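Peer 1: Protein chains in written order, with my numbering: chain A, 1 to 224; chain B, 225 to 448; chain C, 449 to 674; chain D, 675 to 900.
Hints were generated in silico from the structure; no laboratory data involved. Be aware that one or more of the hints could be misleading.
Each pair of labels, with its calculated beta carbon distance range [to be verified]:
(1) A:Ala57 x C:Thr493: 39 to 49 angstroms
(2) A:Pro78 x C:Met449: 35 to 45 angstroms
(3) D:Lys746 x B:Glu421: 52 to 62 angstroms
(4) C:Lys578 x D:Gln815: 17 to 27 angstroms
(5) C:Glu668 x D:Gln680: 35 to 45 angstroms
(6) C:Arg586 x A:Ser160: 24 to 34 angstroms
(7) D:Gly756 x B:Met225: 26 to 36 angstroms
(8) D:Leu869 x B:Cys439: 50 to 60 angstroms
(9) A:Ser118 x D:Gln680: 53 to 63 angstroms
(10) A:Pro78 x C:Glu581: 28 to 38 angstroms
Since the model is a prediction, treat every value here as computed from it, not as a measurement. Glycine residues also receive a C-beta, built at the ideal position from the N, C-alpha and C atoms.
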Amino acid sequence: MGLDKSQIAWRAAQDLKNGSVVNLGLGTPVLVSNFVESSRDIFFQSENGILGVGPEATQKAANPDLVDAGSRKVTLIPGASIFDSAASFAMIRGGHVDVTILGAFEVSVSGDLANWDSGAADKAPLVGGAMDLAVSAKTTWVLMQHNTKDNKSRLVKDCSLPLTAKNCVERIYTDIAVIDVTSDGFLARELIPSVSEEELRNRTSGNIKLASDCCVLNAPNITS
Amino acid sequence: MGLDKSQIAWRAAQDLKNGSVVNLGLGTPVLVSNFVESSRDIFFQSENGILGVGPEATQKAANPDLVDAGSRKVTLIPGASIFDSAASFAMIRGGHVDVTILGAFEVSVSGDLANWDSGAADKAPLVGGAMDLAVSAKTTWVLMQHNTKDNKSRLVKDCSLPLTAKNCVERIYTDIAVIDVTSDGFLARELIPSVSEEELRNRTSGNIKLASDCCVLNAPNITS
Amino acid sequence: MDKRRQSAVKVLKEIKDGSTIMISGFGEAGVPNTLLSQLKDLHPTNLTIVVNSVTRPHSLPHALIEANMVSKVITTSARGRGKGLSKFEEKLREGEVELECLPQGTFSERIRAGGAGIPAFFTPVGYGTKLGEGKETRNIQGKDCVLEEALTGDFALISANKADRFGNVNFSYTQMNFGPIMATACTTTIVEARLLLEEPLPHSHIQLPSVYVDYLIESEETDHGS
Amino acid sequence: MDKRRQSAVKVLKEIKDGSTIMISGFGEAGVPNTLLSQLKDLHPTNLTIVVNSVTRPHSLPHALIEANMVSKVITTSARGRGKGLSKFEEKLREGEVELECLPQGTFSERIRAGGAGIPAFFTPVGYGTKLGEGKETRNIQGKDCVLEEALTGDFALISANKADRFGNVNFSYTQMNFGPIMATACTTTIVEARLLLEEPLPHSHIQLPSVYVDYLIESEETDHGS
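Required output: the full structure, derived from the provided sequences and hints.
Peer 2: The structure is reproduced here in structure tokens:
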């Protein structure tokens, strides 16, 4: 069994540096904030105009005017600020966000990201802030299932779906591994105990190697 | 005797529409605000970031943090707002200022304006917000002496000094006349009683005509 | 100077067929529901709407499309929720509505540029993607960019918290989103606010200066503080 | 997180010879005099300074030039007051200092672009003038424009009224001017403020968000309210 979504988010949270500014995408990425203690002074940016998103609001305290980019009613942490959308994307595009953590359909061996258009027939496009974030953040990480439901690799030689941005992903957290995108291809940094190097290769399209110091990927049990 | 600076400013003030947004340049233009009653709801914009500049502050009330673009310590009128320089020039360049009133060295018959570089040897340039204002305001008016100290016309066929902007001036208020810049050349709308049509022609370079309904330009005595 | 108006209908009647309308809102925050619901009744047609999202089938921006009032949508988020097609997606498939989908930062910046007198700008976002196709490209300061033009509109419909009679506006939390920039980019801006004040807002509370606002209408929503 | 520092000197020592420094201020409002006076003592050289005006001979930006610390000035207002030449104008004549003079809106927008990740933009301002010479031109949406590139810096020196330990900043009236945009456009931003607070500023008082601020120094000026 691989990691569940919360465990993938937990693992990514361990790599965030104290004091950094982080934008979380919808889905699994937004769970990352559950695993960051407030003492770490990490500021979550939400592209609708918040720096310093706090925990989701209780139903009682919920204010319909205070939502994050995923339309969750949220709170603010001490030191939070609010601004308009042009200022928010000036912040993002200007490179002032340290880490953006996004979901993805595919990531290529050269770090190309496809996460905005699933190619479903007649469904209209939805890009939101994904392109701005992927192009502009100092670091782009992806959280995703290693494989699709029909067992295709989401790590690929070339993306088959429309690109979000070229050459932007630095690290991928999947349900079975932590993988860096290097000039030499995918490099597994950590692997869960139940998956062998051979299985990892079989489940991955595109060139993948194990780092010489590749560790065991262990995540705690998380009950939500 | 022609109008003095206060009288030129007074005359221009008569043409401002109630409720308009107006930016005043240094020198004679800034005097225009002395002749606008607060009941007219005219909002003076100052390019350092004020909409709603009020009268100059008394020495007692002066706040060194509240200055206009001419570094005068000023007050705010009710409804005034303050913003940063990028927002201020977004307001100006975006065409949200109705009238800009500027001083000038020369105005050409096609409305070209020269008001930022006197051509003095070795003196460095100073452009400030003049180009942005002249290009972008819905209407650009000029207040200036009709002639230089050595009796050259400041209304010219072609500007000899470096341009501020092309084809921007709509109306000129001088010490002897009110003149529109039309596709047919300068058109005097008002002329002071002591100056004849012939004298106006002699004191003006470039094609100038008298409007068929040209009026007498009278200004009250102003003691400051 | 008093920009407050009793009747939204009277003001909204200025919106003719074929107008371009910008609509504020992100998620459920800052959507001008009072104005949109009256606009729907007035039913101008052939509108271009500029709005961040039309994903929610029960939202009023989506309702304008369903009511056959809209010929073009400029947005960042067009995909209907769920696997089936939304009414908008059906109209899109039938070619009844035109769509321009933009990255949200490009969407914001094009609107800001429209209000700020910047006719066009280069941005690295969208380069090498389907949304950058057909756009002029250039490498500037080492970055591959696409050229984007300013976006302007005829009417901005904005939701806010408080406004004074001069037209100065204050927003509540993330209600702000696209409101301030859309107000700068449109010929006529109509703001609905929960509280319309006789007395001027203090300058430190003003998030949208009066010069950008033409009419103020009382919102039918309740105040959520700021 | 606490960005407050006791010693301005320690922070300013990071400014090496050859750095590009943006300096806030319009008239006498918002000039970071505490930081500039200490910087003058530290005397880094070959600096490029980006500052709205160097017209006043007794101002500290002018003093940096007089002290032979500056090799290039990017400004909107270079002309010294009076008919004689200022020290800066003398150095300019002798070719000891380079000058780039910009329309103030272009100056502001290039700095904003630097902070906002917009590598270049078109503006109608300056077209057909001496300040537009040598710049690429294009007619867009009926307007003749020049192309302007983003401006960035190594250090921003900003004057403000209040700041909290996170680095959130509040300005007093027109003290704001170039402060917020310069802070976004520089790698390192140093803010001097009259009041440094342990408690966070309320979000509605924040005019420059913490992410843009690296160090806070107490200003030697007095509080003039906001």
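Peer 1: Now, for every hint given, state plainly whether the structure supports it.
Peer 2: Each hint, compared with the structure:
1. Between A:Ala57 and C:Thr493 the Cβ separation comes to about 40 angstroms, which falls inside the hinted range of 39 to 49 angstroms.
2. At roughly 39 angstroms, the beta carbons of A:Pro78 and C:Met449 sit within the given window of 35 to 45 angstroms.
3. Taking the beta carbon of each, D:Lys746 and B:Glu421 are about 53 angstroms apart, inside 52 to 62 angstroms as hinted.
4. A C-beta distance of roughly 25 angstroms is found between C:Lys578 and D:Gln815, which places it inside the suggested range of 17 to 27 angstroms.
5. The beta-carbon spacing between C:Glu668 and D:Gln680, approximately 54 angstroms, falls outside the hinted interval of 35 to 45 angstroms.
6. Judged by the Cβ atoms, the range 24 to 34 angstroms given for C:Arg586 and A:Ser160 holds: they are separated by roughly 28 angstroms.
7. Taken as a hint, the range 26 to 36 angstroms holds for the pair D:Gly756 and B:Met225, whose Cβ atoms sit roughly 29 angstroms apart.
8. Against the hinted window of 50 to 60 angstroms, the Cβ-Cβ separation of D:Leu869 and B:Cys439 comes to about 58 angstroms, which satisfies the hint.
9. Our hint of 53 to 63 angstroms for A:Ser118 and D:Gln680 holds, since their Cβ atoms are close to 54 angstroms apart.
10. Separated by about 45 angstroms at the C-beta atoms, A:Pro78 and C:Glu581 break the suggested range of 28 to 38 angstroms.
Checked against the numbered hints given earlier, this structure breaks hints 5, 10; the rest are met.
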